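J.: Chains as they are written, first to last, in the working numbering: chain V, 1196 to 1611; chain L, 1196 to 1611.
Any given hint could be a false lead.
Same chains, same names: a pair is fine if it fits in one copy or spans any two.
Below, simulated DSSO-like cross-link-like pairs (lysine-lysine); rule was C-alpha separation at most 27 Å, straight line [to be verified]:
| id | residue 1 | residue 2 |
| --- | --- | --- |
| 1 | K1298 | K1282 |
| 2 | K1477 | K1200 |
| 3 | K1382 | K1603 |
| 4 | K1370 | K1200 |
| 5 | K1207 | K1321 |
| 6 | K1460 | K1200 |
| 7 | K1314 | K1558 |
| 8 | K1603 | K1370 |
These aren't lab readings, by the way, just hints derived from the structure by calculation.
All figures in this text were calculated on a predicted structure; none of them were measured in a lab.
There are 2 protein chains.
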Amino acid sequence: MFWSKSFIPTLKEVPQEAESAAHQLMLRAGLVRMLMAGVYSYLPLGWKVLNNIQGIIRRQMEAAGAVELLLPALQPQELWVRSGRDKDMGQVMIRFSDRRGRKICLGPTHEEVVTELIKAHVFSYKQMPLVLYQIQTKFRDEIRPRFGVVRACEFIMKDAYSFDKDQQGLETNYKAMHDAYNRIFAKCGLNILTTEADSGVMGGRVSHEFMAPAESGEDLVETCPKCRFARTFKEGQKGVCPGCNTPLDKVNTIELGHIFQLGTKYSEALGATFLDAEGLRKPIIMGCYGIGVSRLIAAIIEQNHDDAGIIWPRQISPYKALILPLEADRDEVLRAALDIYRELEGLGIESILDDRDERPGVKFKDADLLGITLQVIIGKKTIQDNTVELKLRRDSQKFIVPKTEACKKIKELLSG
Amino acid sequence: MFWSKSFIPTLKEVPQEAESAAHQLMLRAGLVRMLMAGVYSYLPLGWKVLNNIQGIIRRQMEAAGAVELLLPALQPQELWVRSGRDKDMGQVMIRFSDRRGRKICLGPTHEEVVTELIKAHVFSYKQMPLVLYQIQTKFRDEIRPRFGVVRACEFIMKDAYSFDKDQQGLETNYKAMHDAYNRIFAKCGLNILTTEADSGVMGGRVSHEFMAPAESGEDLVETCPKCRFARTFKEGQKGVCPGCNTPLDKVNTIELGHIFQLGTKYSEALGATFLDAEGLRKPIIMGCYGIGVSRLIAAIIEQNHDDAGIIWPRQISPYKALILPLEADRDEVLRAALDIYRELEGLGIESILDDRDERPGVKFKDADLLGITLQVIIGKKTIQDNTVELKLRRDSQKFIVPKTEACKKIKELLSG
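Isolated chain V (complex conformation) (with noise of 0.2 Å):
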């Protein structure tokens, strides 16, 4: 990709609408625009960033089993009288009528919709276990949407839902569901908490969320210094570990992950039923699994940035490599330059060439607010010398290598 030909506005300023690190830098890098409170625009590096985390929860997910569908938004409103959800979700669920007087809400989760189509298809022990998943855009409307994309008002999730014949069916697929989330945090260069949590309005017994410390996070979790014991902070909860009894740090989070084990909640409420192996009549026992995507974002943002920027991990990344010509309109520098785009893209390294005529500072400025994993930088001084720049953004490490062999280190740098 060439710079000119994206849609990369970078910001100099500090956006006065920003209340957090992520949310600054998100606007500052140009990867959201907000359309109004709550409703962003990603831009083509906000979706390139976005694209990557669904791949590597995409990969996860099909690893553990489960299957991708996708379900419609719109739904209508008399699912939820049915499971009894109507009156919990409140005003954060959005209802309108259509013209045939339909009355229709946007869905904000999915469990309604998920059971409702297993029940019609699934009818014997014979066809379970069954994972199915999607990744889709939900809509709540916030009271007080806050911090850019964590708390919007449309945002994409991944929901997961498991069906079993028997507790211990679901227990398997959940221990598989918390195993491929520890590893899709961990690829997405995130440190998480981990704790048992409360169900809430979802119903069920067992269910855990995923908590990013973060700065700006609004969730307080307890964490033990010693052990590795966490859990969601609750107002006169005894302060010491029940572990070690060692005295409990607080940390503010941002959820990013929750998983439920459900029991018969929905399928009794919607009659969704199978035959067992004896023919006895049972009610499907179901799990549900939701990680924010869009909030992911912030999160990995607010665990990876520095005074200059985003520093991307390498899986994340937009490009894996930006190539910085330092003065563009002189021939020899951007020749140089687009030989190595070139021969990056025959490796398959995808990379951007700043192709702007900006001076030198602006692009050095741009690339360290942007966190692309790494720079590639050419200019007068290293045409003279027949070689090539590169800096790593994460720990700005620096290379000079002979232009010849610069491919050749980027890849080993971007696989190291």
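Dock chain L against the given chain V, drawing on the hints supplied.
T.: The following block gives chain L in isolation, referenced to the frame of chain V:
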């Protein structure tokens, strides 16, 4: 993928609700299910087909220089008042107020939102040309949803927008998109008629439609049987070809794509201007380019099916091969099927293995219904002979090959 791990609820009977061949087959092959009139869930096979189509579109958009982003579904109604289209949209646009009293609509299209975005960040002729696109869910309150995903209230669209400093730039982008559309439809295995069309509510002067001939199509196109002339049918229009005076044929079609030279309609209404090389302030010149992604599935099926079921074009097929162990309860049959499954996996050929405990007749019927490009048939007989039977879905051509050479032959047939 193993059939038993996926969710493919095939139907033997033709569902009552189905109004066209494609609609019937999408339901029978387990691609989609209706949640309510005009609102569909994409089941795993349908989602994979959708994904393949999206992949083709993305590759052609990028090749044409377009850059992907993601705009919101929630939009302020006020934007539509400013563009003057609030009234034009009438009841088709879904509108509601949120709990804070904000007047919101669900985007039926995104000219307004993208123009606002560009207005805030494009100031100079140097920042153009620019082409942005997204693949996104749109909402329309159809008074009479029909033909399954063809006329739906929630559907997936690819919408692209070009921004230029002059008419010549617009024409260049328009041609690039026109060419990209031809390549997209060809790769989707579609026969398409291109017509000059009315710009209607979108505005602008030049516009073309891409229409797929289909028995169930609701749009009439007149075509010349001698030359390649085609135009939208209009009552009272003279009935011979303006090129060669031949009487025109009438063809039923489904509209799949529509491209517009918008000109300055939106940039003037919303004040999106730039400074040209002489420092003069001018409105940005726009084009917009839409493809109905989800309805493409229906058009592909309309043009690619027989009495037994769907016949997917190779690039669209949800899996490349369907492996049919005919007596899956026989160890040796299942083992041979698994060997081929794993060997194909190693070759990067995605296959699905029908591991259901069903009679051969059921498996054959479902195989033809699903329409996967190649069937790999393994039974008692082939095991005895140490062979495998390969069958191409499209022409029923059969090949008996030694088991050890099966995957090589499969690869050859799929690339042929």
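J.: Checking K1207 and K1321: alpha-carbon separation at most 27 Å within a copy, between copies, both or neither?
T.: between (60 Å within a copy, 20 Å between copies)
J.: State whether the alpha carbon distance between K1298 and K1282 is at most 27 Å within one copy, between copies, both, or neither.
T.: both (15 Å within a copy, 23 Å between copies)
J.: Should K1603 paired with K1370 be assigned to within, between, both, or neither, using CA atoms and 27 Å as the limit?
T.: neither (41 Å within a copy, 39 Å between copies)
J.: Cα distance capped at 27 Å. Does K1460 pair with K1200 within a copy, between copies, both, or neither?
T.: between (51 Å within a copy, 24 Å between copies)
J.: Classify it for me, K1382 with K1603: is the Cα-Cα distance of at most 27 Å met within a copy, between copies, both or neither?
T.: Answer is within; shortest intra-copy Cα gap is 24 Å, inter-copy 35 Å.
J.: Is it within, between, both or neither when you check K1370 against K1200 at 27 Å Cα-Cα?
T.: between (45 Å within a copy, 18 Å between copies)
J.: Using 27 Å as the alpha-carbon threshold, which applies to K1477 and K1200: within, between, both, or neither?
T.: between (58 Å within a copy, 21 Å between copies)
J.: What label fits K1314 with K1558 when the C-alpha limit is 27 Å: within, between, both, or neither?
T.: between (57 Å within a copy, 24 Å between copies)
In this structure, only the earlier hint numbered 8 is contradicted, and the remaining ones agree with it.
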